[in-house]
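Use these hints to put chain E onto chain A, whose structure you have.
Protein chains in written order, with our numbering: chain A, -8 to 594; chain E, 23 to 361.
For the record, the hints were derived by calculation from the structure and aren't laboratory data.
Quick caveat, the model's predicted, so the values are computed rather than measured.
The reader is advised that the hints may include incorrect statements.
What the hints assert, rightly or not - Only part of the chain A face toward chain E is listed, based on derived beta-carbon distances under 8 Å:
no., residue
1, Pro121
2, Ala124
3, Val203
4, Glu419
As the list claims (entries may be wrong) - Capping the alpha-carbon separation at 20 Å, the derived lysine to any residue pairs in SDA-like fashion look like this:
no., chain 1, residue 1, chain 2, residue 2
5, A, Lys122, E, Arg83
6, A, Lys412, A, Arg377
7, A, Lys448, E, Ala93
8, A, Lys122, E, Asn128
Cβ coordinates follow ideal geometry from the N, Cα and C atoms, glycine included.
One-letter residues, chain by chain:
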Amino acid sequence: MRFTRFRRLRSVLALAAVPLLGTGLFVPQAHAQDGPTVLRVALVQEIDHLNPFTASFASSTMVGRFAWEFLTLPSAEDATPTGGLAESWSASEDKLTWTFRIRDGVRWSDREPVTAHDAAFTFNRIMTDPKAAEANGSYVTNFARVTAPDDRTLVIETEEPQASMTALDVPIVPEHVWSGIRDMAAPETDSIEVVGVGSGPFLITEYRRNEVVRMKANPDYWRGRAEIDELQFVKFENADAAVNALRNGEIDFVNRLTQAQFDTLRGEPNIATNQASGRRYRELLMNPGARNSAGQPIGDGHPALRDVRVRRAIAKAIDPETLVEKVLGGYGELPGGLVPPIYADHHYTPPADKKYTFDLAAANRELDAAGYRRGPDGVRAGPDGRKLRFRLTARASEDYGLRATDYIAGWLDRAGIEVVKNLVSDNEVDETTSSGHYDLALSGWGTNPDPDYILAKQTCAALPATSGSSSSNAFFCDRTYDRLYQRQATELDPRRRAELVRQAQARYYEQVPSLVLGYDNVLEAWRSDRFSDFTEQPEGRGQIMEQTGYWGFYGARPADAATGADVGLPAGAWVAIGAGALLLLAGGGTVLARRRTPAEDRE
Amino acid sequence: MTTSVDTAGPAGAGTRRAGTSTLRFLAGKVGAAAVSLAFVVVLGFLLFRMIPGDPVATMTRDRPTSPEQLARLRERLGVDEPMVRQFLDYAGGLLRGDLGTSYIYNRPVSAMIGERLWPTILLVGTATLLAAALGLWLGVRAAWRRGSTFDRAQTGIALTLWSVPQFWLGLLLLTATQGLFPSRGMRSPDIPPDLLGQALDVAHHLVLPCVTLLAVTYAQYMLVMRSSLLEEMGAEYLTTARAKGLRDDLVRARHAVPNALLPTVTLVFLQFGMVVSGTVTVETVFSWPGLGLLTYEALRGPDLPLLQGLFVVLAGAVILMNLVAEVLYRVLDPRVRAS
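This is chain E alone, in the form it adopts within the complex:
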């Protein structure tokens, strides 16, 4: 056996001690995550109050408004209350699971985030999955044939796409595809009546934003995979595998890649947390009704409760994914557990 990929825990007398240490490990990590989240809550509150702009002015711009109307609006939004009071209200609400009420839409922030969460997960999930698959595959190929034309060409293409601004690529794709795909949204104005039709409709709308996101993100998976595989390639256990008479393909697939996969798996999870917040541009170009677009809309107000809620949720996603990655890493790699 060349690698210890057996994920079942150590058996026998060591189990109890390993269980305690796992618990301690988990408690530590969860505690750290909770502290980070608390910082995020405070930071989010202060940060958005530094944005210049008056939501009342935005809401009443260009329409006849009497001074009484303005005064009532300021009172409803509570923008004139002392900062400390506003923060206590906000923090108290958070503890009760209440993210507040949007200034502009006058709806609960949690409901607004809830309805925008799934479109983002669909878009980011699909794109991340495909980007990881493509990146891993190309990365393995490129590393195995390091220095070949394939390696140089693919690395070049990936790096070029990585440096392209998302909105520009999105607009370019829109123009280039000449209406083969819808230019906006997740669904057509006329939703097909049947479930299959609806799924096809969403898939049709998903193509361009997904390809855009995929094109600009797959490079990092590819490069990490490539470099970690290159590291493994000098390892002696590969010589052993070859000495056993295995085909080159199998040496790569069974021995080298599983070991090189670990950093990439971590990266996928870290990226998934980041990508949720990083889709503002793609969602804006394609009017995809997700969290990124909601952030963009909220910034225009500025709709402070909505921004705060989004900030907590998006930062929370990163923190959670970090936590998952750390725990998963421990599960996947026995070396981490042993140390």
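Chain A extracted, bound-state conformation:
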């Protein structure tokens, strides 16, 4: 009876140690040497849905790109539109009716043929069912009617002419699978029975939430079967852990690397790296007087920033070259317009006489001339007497935010402008910038091969109806810009359209509601001893993962020397060692306590 409590505790501990002991004794079978070629990719962002109608996160849409073919998609070579399910397309004289010719002989993975009816179903569902419009609703806002007169002809009629009709980033789904689904937002729509039927280069075979998405090569893919057999997206919450896993050979590919991670991986044996031109631009927002769509002022921006002369002077007081060199560590490109140089046709490079060249003396001169005189403390004040004292909002979570604000504050100080740094959480940056509660703010956006969306964000139409969430990026509203935007949106000739796109950016650059500071490189790394021949988009300078297409992993091949053997993971043996270590820690007490009790010690 006595001391039973302590004894019980001891036996509990001993019991706890049993499974660990067991762990040490068994060693799982070694991985098959000639098994399928599996490309394991680290995913550092969550997946919200696999259902392409509701999948919003970048990683979710990336998975969707492999599973379902598009009508047309940006090519691997130069990101200009190329045929997917559609082998050809044409617009009517009045530019309002588009006819797509659907490729013959393409099949869904359940052997049903892919027809124009599937495409018509997909678009009609998005147009009529609000839940189905959650992810891709923006592509059909201008659609009047979508029909399929026969299996191989898809006709889309639009309300207004639309130049971006060859850039519909909407995965086409099988009608026979999806037409029976009533509630497009139901969790069941993420199940393999539904999302497993595809037409892309890889098919979804397993989805374990926040663990892994497994895809196998589609044997009937119309471009030909991929060289690798399986593609696994493995979830990592921590990027450093992913880098570590790449080194150990646990995974084969990792992207979204930081400079420091990239630099350490660069010299490693069996690891190849890709420093690619990126699709994102970084910018310094300068609140030009935020308004809502009714023209009423919102937010609390500094009134001096409504003066374009002040904004231009600030643009001249900032040196993007230093920011790219010192803050981005050289992993970036120098700025021009909103569209990054990766999309060469649409990128705007300001001519020498229009360019904001870093020149503090010129900035000071222009502010003097505009009537912003320096006070006794060196800080300028406007004609209304209000000091040029600007908040600079940036993300505290980002190295860029921390360091770039130092540089910018230093430069502006020399131009007689006081900067109050406001480093806050990502969410707070989003909230303050979208509600107009900022003076200066560091921000940025990802762009697409078709420039329509990023240009549309700068139009008066994007201003918010009410305060709060806004589609407008910088609260820019300018008639000249809007006219240029409208013309490019309806111009179907690619060359003439590109010219208008550059003109619209030139107007934005001149009015400078935000100053583009540079374009980050995309940093990626992979196991070169296991895989090679990843396709970059665009060719020779672009990224491999998270493309606007499926080329990157579709083109991958097993490296010549690859054996298919797992690197450094004789799992069972290490289970035993780990368990042994734990056992040593925990079991020590138990073992000692079990010493024999001599008879004479009984009370």
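Frame of chain A, contents of chain E only:
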């Protein structure tokens, strides 16, 4: 007999009265716990609405979105409804056992928490059990030989590990073990087909997060055990035990330790409640699919229904464990019962 460890209740005439007082005691404690939980519900609702951030902006960031889409999304999430209305919906749902629907994943919060609960319990349970065992054992040894090299070295090591940030230790272990253990998750992408293989796979994944958690938490058990044993060591009943001719080991094991164990047992339960919510960093470093990781993901949105649900569940765990500890203390220690 030196200690009254007999847990069977007092016999005879006193039973009825003791039963009533136990009932009253229990009712009081459960009532207090329920009030705390109600506060947690209100606080959780208000607290997360003060986090800056717009879930709609997070969900649509970097993708082409039309104003109609934004409006529909705001309507579906109900973010524009008046606060009072939102709270009443939320509280009403809670009463029906409905924690709401996640903004981002559009799934019932209770299902999401349910599937993440077991990985956390596995990780925290194993680590707490091992940490308590290790801490108790080292604490007893250190106290018994107070001031010795063993005592000073072990106390030093424990305190050093206790002050180490969890994520840093985790990353350090990841790098140091050079791929001997998986860097992420609870299972391999390819799950072995047989049950034994699966268990081994999970055990293999468990090692690093468990060691990290163990290393930073065992110190408190050790120190509490050490100090409470030191207190007992001056007690006269130990002299009696020694006078009876018992070996030193037995004096410690049978007489001193059982009495010194009480505060530590309480601590284990209190900690178990806290540790469930305290694993955010470890789960994030090792991508362990538990509640801590879910909290971290929910904060990014912010996914308010998910955060509220997690807050209620995590705070509920602490409240429940407090309750268990209080009741258990009464069962374990007759002195508490008598007073």
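Verification of the hints:
no. : hint                  : result
1   : Pro121                : holds, 5 Å
2   : Ala124                : holds, 6 Å
3   : Val203                : holds, 5 Å
4   : Glu419                : holds, 4 Å
5   : Lys122(A) - Arg83(E)  : holds, 18 Å
6   : Lys412(A) - Arg377(A) : holds, 19 Å
7   : Lys448(A) - Ala93(E)  : holds, 16 Å
8   : Lys122(A) - Asn128(E) : holds, 11 Å
The structure meets every hint from the earlier list without exception.
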